[in-house]
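Asks: All chains, please: the whole structure from these sequences, using the hints.
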Amino acid sequence: MTVLYKQSFTSTAIWSALGVTVLLTACGGSDSYAPQPVIPPVPVIYSYEVSVTNLTHAQPLSPVAVILHNEGELFEIGISASVALENLAESGDNSQVLADDIALASASGVGVIMPGMSETVSVSITDTQPMMISTAAMLVNTNDAFSGFSGMSLENMAVGESISLLTGSYDSGTEKNSETMATIPGPAAGGEGFNAERDDVDIVTMHAGVISNDDGLVQSVLSQAHRFDNPTLAISVKRVE
Amino acid sequence: MKLFKAVATITLLCSSTVSIAQELEIEFTNLTHGIHYTPILMSAHSDAISLFSAGVAATPELQMMAEGGDISGLVTMLDAANANNMTNPANGLLAPGQSTTAMLSTDEGNTYLSVVTMLLPTNDGFAGVNSWKIPTEAGSYSFNVNAYDAGTEANNEVVNGGGAPGVLGIPAAPGMDSGTGGSGVTTEEANTTVHIHRGSLGDDNLTAGKSDLDNTVHRWLNPVARITVTVK
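From first to last, the protein sequence lines stand for chains A and B.
Those letters in the first sequence? Residues 1 to 241, by the working numbering.
Those letters in the second sequence? Residues 1 to 232, by the working numbering.
Fair warning: there could be bad hints in the mix.
Unchecked claim - Far from chain B, by Cβ distances over 10 Å, these chain A residues were calculated: (1) Leu154; (2) Gly191; (3) Asp215; (4) Glu241.
To be verified - With the Cβ distance kept under 8 Å, some of the chain B side facing chain A (calculated, not the full set): (5) Gly92; (6) Asn146; (7) Ala190; (8) Leu201; (9) Leu221.
Rather than coming from a laboratory, the hints here were simulated on the basis of the structure.
Where is the CB? At the ideal position from N, CA and C, for every residue including glycine.
Replies: Right, here's the structure in full:
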């Protein structure tokens, strides 16, 4: 990438130099002067593919959110979740994350990714080289667990290069992990998604996993099948253009 | 024909992975508190073969290893692909907290390392690393290994000697610390591809309950093993 950038910089410099020459010639008073045709700049497209594999046993994933950004974080350990992230983590609705102010460009997966399944999401932006990429999706048979990564640097990624990573699970800290039927939106329960009340620690932390009814949490609607260990997602980010 | 040869030569020259024979020392450490490993399989192989992939159904050979600790099927498969194998470096089971070290000489072109071993007592849990690119530069390289579920057997957590592929049950609890009389945790496997193991449930009743496993002994969290490869 750095090399590409340098090349385009160099050619811009050459064009500027030519422009100066033309200007000087014009100042010379030549009658044959004709305005140079304006060459429109070729738009530079930065395009990425994000492949996500669900590594869990029985936690469907909400549609994946991918954003390109130059500042900020989608989430940070120890910091209170944004309302946009709270929506994603409690209900699986990624629309507010995709529309977040920090996002230069964003893309959503087409649907739920079932355990063992994969999906590739494409995202691109024209003319502005994105510095960072963030990705998140909810583990839907939980109160407010999500997996993904925040603020991974894209600065030095050349076309054709890719980075593979395994991501752990986070607790958005915005809803108590009661595991009751009324509070879990996934197919294991069919309960409520987003609730504006924050009745938990109100900071993002790593997730400790679900307990489940089978493991002694009597009020839990979850079974042993819904338990999970890290990592929960395998993600590959590739720059394609 | 000549052109083909020339292309082949260029391809070889361009290949950044100069395929040379290497001498590796591989240390495998059991990081768990109460899990034994069955005979370990370490293999250096080409990119033409892969032992497992998350999100993809296990091969019958992987299933044999994951359900019963039998690595013979994988070894046959790897031999056919001209891999360099080290089988059973610990001479049997590898107990919690213990390490084993093996030497592995690799042939030209066998530039990927895979290691697999079954977790006991589990139904079809295994620790594995698939196709780790062996560095060409001499040095010592460490990485952690996660526990996978082969997705081929329901995790009923009943210790009944069932180690053959397709036979429900856990073959053995080598620590002699499991119970009996478990009614079975589940008969279903929701994800039938290779995936991250959700962990064993266990219970606190060694003569009844759902599980024969002890929830104070047989649980784990990732990572479950550490591998250090020294490239000579």
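Asks: Take the hints in turn and mark each one as holding or not.
Replies: Right, here's what the structure says about each hint:
1. Against chain B, the non-interface label of leucine 154 of chain A holds: every CB pair exceeds 10 Å, the least being about 23 Å.
2. The non-interface label for glycine 191 of chain A is consistent with chain B: the shortest C-beta to C-beta separation is roughly 20 Å, beyond 10 Å.
3. Not every C-beta of chain B lies more than 10 Å from that of aspartate 215 of chain A, the closest at about 6 Å, which undercuts listing it as non-interface.
4. Interface exclusion of glutamate 241 of chain A from chain B stands, the closest Cβ pair being 23 Å apart, more than 10 Å.
5. Below 8 Å, beta-carbon pairs count as interface contacts, and glycine 92 of chain B has none with chain A, the closest being about 27 Å; its hint is therefore violated.
6. Here the hint on asparagine 146 of chain B is kept, as its CB sits about 7 Å from the closest CB of chain A, short of 8 Å.
7. Hint status for alanine 190 of chain B: holds, given a least beta-carbon distance of 4 Å to chain A, under 8 Å.
8. The beta carbon of leucine 201 of chain B is positioned within 8 Å of a beta carbon in chain A (closest approach about 5 Å), and the interface hint is therefore held.
9. Residue-level restraint check for leucine 221 of chain B holds (minimum Cβ-Cβ distance to chain A is 6 Å; threshold 8 Å).
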